[in-house]
Each structure stands twice: as structure tokens, then as C-alpha cells.
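Chemist: Here's the letter readout for the chains.
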Amino acid sequence: MLQDEDGQVSQTHSVSAGLDYALVGPEHASLHDSGRAEYVSIDDRRALDAARLLSQTEGIIPALESAHAVAEAVSRASRARGQIFVVNLSGRGDKDIDIYRENFRELDG
Amino acid sequence: MTRIGNLFDNLRRTGKKGLIAYVTAGDPAPERTGGLVEALERGGADLIELGVPFSDPIADGPVIQRAGERALRAGTTLHKVLEIAREIRSRSEIPLLLFTYLNPVLRYGLESLAKDASASGIDGCLLTDASVDEAGEYVRIMRAAGLDTVFLAAPTSSPRRLQLVAKYSTGFVYLVSRTGVTGERESLSDSTGPLVRAMRAITQLPLAVGFGISRPEHVAELGQQVEAVVVGSAIMHLIERNLDNPSLEVQLESFARELKHGFELAKAGANRP
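If you're matching them up, the sequences are chains A and B in order. Here the first sequence stands for residues 1 to 109, numbered as in my numbering. Here the second sequence stands for residues 1001 to 1273, numbered as in my numbering.
Just so you know, these hints were derived from the structure itself, not from any lab. One or more of the hints may lead you astray.
Far from chain B, by Cβ distances over 12 Å, these chain A residues were calculated [claimed, not checked]:
(1) Ala22
(2) Ser55
(3) Arg76
(4) Gly82
Under 7 Å between C-beta atoms, here's a sample of chain B residues computed to sit facing chain A [claimed, not checked]:
(5) Thr1077
(6) Pro1104
(7) Gln1225
All C-beta atoms in this analysis are idealised placements derived from N, C-alpha and C, irrespective of residue type, glycine included.
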């Protein structure tokens, strides 16, 4: 859990509601600690740009949360030609259209 | 035996009931809490629950939530609360129960807290959101430091859980009168009776009921079933309405007196032919 030195839960921010949260579930914590999974961070800007990239190249509008994974995959793929990447696109972006619109005003008409 | 144990012994021997007052330590400021506790004691409070403010008070309704927010803004930490306790203890023998969510305690360190709380003159601890199922180590550490461990029993607690509460509690058992979060209510819930009966069947420990109690009439009614009654939100609400009022301590003392008198109302009622 993200917390201060007194144990108070930290304020968080993410452009995506699903990730704007101070805690990590026990499964992820366990996967991290056992080394079976690697965890990286992606900022709002990279997630938004990845969402736009996927929308424009594949016609798939991802959820903002999922766009974080797309961002990392795209970043790694360029250094791993020939390899197959599987991205878990955990959600659709219909719910995030307003946020995409706000952040890509240049695309609006 | 702690001051908590002694209190309930004395109450039993003298045929009296106890008024337990909850205050969020540090609201409106850490320097005020000692004076507010003194006022409550003068008014008849027998035991003080010192609440540690927390960023995510899931068991609390809006009144205590706001109290916690004010206390946190005023810089109140668990360290500070222990200092406040030490200050109270230097002037009073009133039993003190540290009332806190688990995370600040985990951050502080269980062993360190047990040692420091005991040194500050605190008599026991109640962890609001700690599961009684996993309480073994916590109880062992507190017990070793001479502190009572009070647990919550709710109308929704399973028989197995009530057994664990009975097994791990010392000092008294805190019965939550109804489902939901803290907050004053007009009338008391029907869930209390069955819960009292269920606990009586499995423990000899004194029972206290809390959540929703805000009036002498409530105290009168519940005082007939249990050894003590807890008032929290009503006290914090009074404090909230009088943050800038120099007569806050006087009002608090009055309120405590009114509530304590509730026990007498019950007796008077019982004596009516």
C-alpha cells in the first residue's frame, strides 16, 4: 500500500480510474515477490498516446487501464523484433471516450 | 489487572454502570484533547477511548470521519496520540483505551507500540479493522506488555467469531449495537438484545454497547442489559459544533453528566410500581 511514514494511505493520481488506487492485491504482491512477474510503471501521457496509437492503427479503442499495457508492449516490441507479444486488453475504451476527447483536442473536428 | 479491569470490578461491587467516552485525539488540535478528556471525566465518563485519526476510516460515519480529517490536518499522528495519553495520565487515573485502525499500528510496529503505549499510561487497545481470526500474535504481544485487548462483536458475527472474541478479549467486550458505521441515531436497534444474550452465554467479561448512542434515554435502556455504554459520534458532533466556542469544555462536561444520569433514569424507571 502506498502510505506515508505514519501509515496514512497516500493520495494517488492516474488518468485512469481503475488504476487511481493506493493498494495492490495479494495475487500481484505474491507474483512480484516470487519473481514470476515484473511490474513497471507507465505515466498518463504514455498511456494516452498508446491508446491513440492502437485506435488509429488497429481500430481498437482500449480502456485507459489496458492502454498502460499497450504502451509497455510497444516500447519493448521495437527492441524485440520477431518476437510475439501478447497484451491482455482488459477492457474497452467506450467508457473513456470523454477523457480521450479532452486529451486529444486536435482530433476533435 | 489494568485500570480497565479495576474499573469494571468497582462498578460491579458498587452496583453502578460505566460511561465510556470516545474522542478522536487531536480534534480540533492535539493541545486540546487533554482538556476535553478532563471535561468528560468531570462529567462522569469512566473510561476514555482515544481514537487515532486515519486516512481511511471505513467503520466510521461522517461525524467521526470529519473529526479524523481535522485531527490529521492538525498534524496528529500515532506518536502524538501517545504523547497526549502520557499528558492525560500525568493528571488522571482514568482508564485509557487506544482505539485505532490497523495500518498506523503496523507502520509503528506492534512490539514498539505495545511498549510505548504501556509507557504512556494506556491500559488497552482496540483495533477497529483487524480480524479476530488473525489476532493471536497481536494478543500475545499486548498481553506481554500488560495491555488489555478489546475486540468488537457485531450482530453479524458468526458464533465461531464470537467465540474468538470471547477468547481473545480482556478488560471488556465491545458490542456493536447495529450493522453499519458509527453515527448518532434517534432510536436503538433491535439487534442488541440477541447479541448481548449470545455473548453472555460464552463469556464472563463485562459487556459494553456502542454505535448510535447519543441520548440519556439510550443510556437508560442499554444500561439495563450491559455493564457500560459507549458514546462517540454524539461527543464528536458536539465538539464539531463548538470548535471555536470557549465554553466547549463546559458543554462537554454537561453532556457527559446528562448521559451518565441516564443510568439513574433507568433505575428510577425500574423502581416505579
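Chemist: Next, verify each hint and record whether it holds.
Modeler: Structure-based check of each hint:
no., hint, result
1, Ala22, "violated, 9 Å"
2, Ser55, "holds, 36 Å"
3, Arg76, "holds, 35 Å"
4, Gly82, "holds, 47 Å"
5, Thr1077, "holds, 4 Å"
6, Pro1104, "holds, 4 Å"
7, Gln1225, "violated, 36 Å"
Going down the numbered hints, you'll see the structure goes against 1 and 7, while the others check out.
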